[in-house]
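The primary structure of each chain is shown beneath.
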Amino acid sequence: MKTPAFRLALPVAVTILITVVLAFLLLPIIALVTYQPVHDLLHGFGTKVATDAILVSLKTNLISFAVMITLGTPFGYVLARSRFRGRSLVITVVELPLVMPPAVAGLALLVAFGRFGLLGHTLNILGIDLAFTQAAVVIAILFVASPFYLRGAIAAFEALDPTLLDVAGTLGAGPVRRMLRVAVPLAAGGLGAAAAVGFARGLGEFGATILFAGSFQGTTQTLPLAVYSLFEANLDQAVAIGVLLIIVSAAILLTSKLIVRSWTSSPSTSPSPGDRSIFAPS
Amino acid sequence: MLAAASLTKVFPQIDPNAKYTFGGSGALETEIEQGAPADVFAAASPKQPAALFARGLVDKPVEFATNTLVLIVPRSNPAHINSVTDITKPGVKLVICNATVPCGDYARTTFQNLGITAAAMSNVVSQTTDVTQTVAEVATGQADVGFVYLTDAKAAEGKVTVIRLPAGAKPGAKDYIAVVKSGKDQVAARTFVQTVLSPTGQTKLRAAGFGKP
Numbered sequence: 001m002k003t004p005a006f007r008l009a010l011p012v013a014v015t016i017l018i019t020v021v022l023a024f025l026l027l028p029i030i031a032l033v034t035y036q037p038v039h040d041l042l043h044g045f046g047t048k049v050a051t052d053a054i055l056v057s058l059k060t061n062l063i064s065f066a067v068m069i070t071l072g073t074p075f076g077y078v079l080a081r082s083r084f085r086g087r088s089l090v091i092t093v094v095e096l097p098l099v100m101p102p103a104v105a106g107l108a109l110l111v112a113f114g115r116f117g118l119l120g121h122t123l124n125i126l127g128i129d130l131a132f133t134q135a136a137v138v139i140a141i142l143f144v145a146s147p148f149y150l151r152g153a154i155a156a157f158e159a160l161d162p163t164l165l166d167v168a169g170t171l172g173a174g175p176v177r178r179m180l181r182v183a184v185p186l187a188a189g190g191l192g193a194a195a196a197v198g199f200a201r202g203l204g205e206f207g208a209t210i211l212f213a214g215s216f217q218g219t220t221q222t223l224p225l226a227v228y229s230l231f232e233a234n235l236d237q238a239v240a241i242g243v244l245l246i247i248v249s250a251a252i253l254l255t256s257k258l259i260v261r262s263w264t265s266s267p268s269t270s271p272s273p274g275d276r277s278i279f280a281p282s
Numbered sequence: 001m002l003a004a005a006s007l008t009k010v011f012p013q014i015d016p017n018a019k020y021t022f023g024g025s026g027a028l029e030t031e032i033e034q035g036a037p038a039d040v041f042a043a044a045s046p047k048q049p050a051a052l053f054a055r056g057l058v059d060k061p062v063e064f065a066t067n068t069l070v071l072i073v074p075r076s077n078p079a080h081i082n083s084v085t086d087i088t089k090p091g092v093k094l095v096i097c098n099a100t101v102p103c104g105d106y107a108r109t110t111f112q113n114l115g116i117t118a119a120a121m122s123n124v125v126s127q128t129t130d131v132t133q134t135v136a137e138v139a140t141g142q143a144d145v146g147f148v149y150l151t152d153a154k155a156a157e158g159k160v161t162v163i164r165l166p167a168g169a170k171p172g173a174k175d176y177i178a179v180v181k182s183g184k185d186q187v188a189a190r191t192f193v194q195t196v197l198s199p200t201g202q203t204k205l206r207a208a209g210f211g212k213p
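Keeping their order, the protein sequence lines are chains C and Z.
If you read the first sequence in this note's numbering, its first letter stands for residue 1, the second for the next number, and so on.
If you read the second sequence in this note's numbering, its first letter stands for residue 1, the second for the next number, and so on.
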């Protein structure tokens, strides 16, 4: 026997739940955006430390993005198409940086590629010194962000109907052609979503970068590092750069949603990389 | 208890039961301005406590120790730094703290005292937000040389070698402590400050390499 009061209780509870969750997620962002008058906020976007950080972030992230796509796409394709002993071990290796705290990732990079690290001596002989260079920033971003793409790419390629690729093979397409002309276009939705998540993660990268590459304005100081450095010196500017990062990240998320929308009928969340729903009827 | 990163080792020795947050004095100042719950603020410079005192956020700061700025190099000393003048050699990777942190402020004063500001600053490859990061970048060998306090150099003994600064170049580093007005436990806060200033507290500070106030 359900009383009217009981029937009312559930929708009310649901409404409260949704409100609380949304408020919790939105409030910090609203606080950041409204922290200072719009005029000051815009001024913060244009300061030298902000523009320097934008340039460093753009350059290092675009380079690591290019490497991530160029090497990650064939890697994901090969891994998705092959079955061998130890395959799940390989996939675990790919996923490990995802669960590694960024500070640990930075420490690991330091003891691997640092001047006194495992490969430090070898790199030194080759005349390569990564300490405090933009190359170190690129490596940190790549290490932390590319697993997001790799995992998404593997899942996107696994979701393909293998008979399509086999048909392409019988029609005379070689393996490279099958990948580039058949698999990649078919998996484009999943790949695009994974790439967007990877890029957004790279843009926000902080812990590994500060440990492995240091922080210097105009060279290694990316946007998140600038926020951290300005926190103690100029909170207004730190907040302005924070807002800038949120705007860019939101734009990336929205873009990835649009990419996937063109491939699916009902995108409800930002797709997890390699969402199988790319094969939903459109 | 919000305390400068340079006090990370010694404060828990003075009072193991207090809850500490260590960081750059500048960042801690911002946190107190933003209303972080704290009872005591200890900084590596008079500047940050004085700024908070001027705004009525802390009681009158008291000097409780002095510190000595030194150079540290990795034990293998890859850039062959033997004196402060060597830091201006081309290609030396120098790490200092941000200008807003006492250790960075003192390093810049040293450059000015020696008249090497331009040459030294052009060798700076990284600027950190507290002194422990500077120590870490030198101790791991990423940097050739860094400006830190003698007390931090002691804490990293075995990994770094200390190079003392000439007496005329050395800025006087002074550590200040103050009770935070909005703190919940004013009595405990005052007791802590007294412990730091007491002979027991001062003995522990001396043992860690801090000088008399």
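The set of hints was computed from the structure by calculation and includes no laboratory data.
Small disclaimer: the values here were computed from a predicted structure and weren't measured.
There may be inaccurate statements among the hints.
Claimed, not checked - In the BS3-like style, the derived pairs of lysine-lysine whose C-alpha atoms are separated by at most 30 Å in a straight line are:
#1 C/Lys48 to Z/Lys47
#2 Z/Lys154 to Z/Lys181
#3 Z/Lys47 to Z/Lys60
#4 C/Lys48 to Z/Lys89
#5 Z/Lys9 to Z/Lys181
#6 Z/Lys47 to Z/Lys212
Which of the numbered hints above does this structure break?
When the structure is compared with the hints, only number 2 turns out to be violated.
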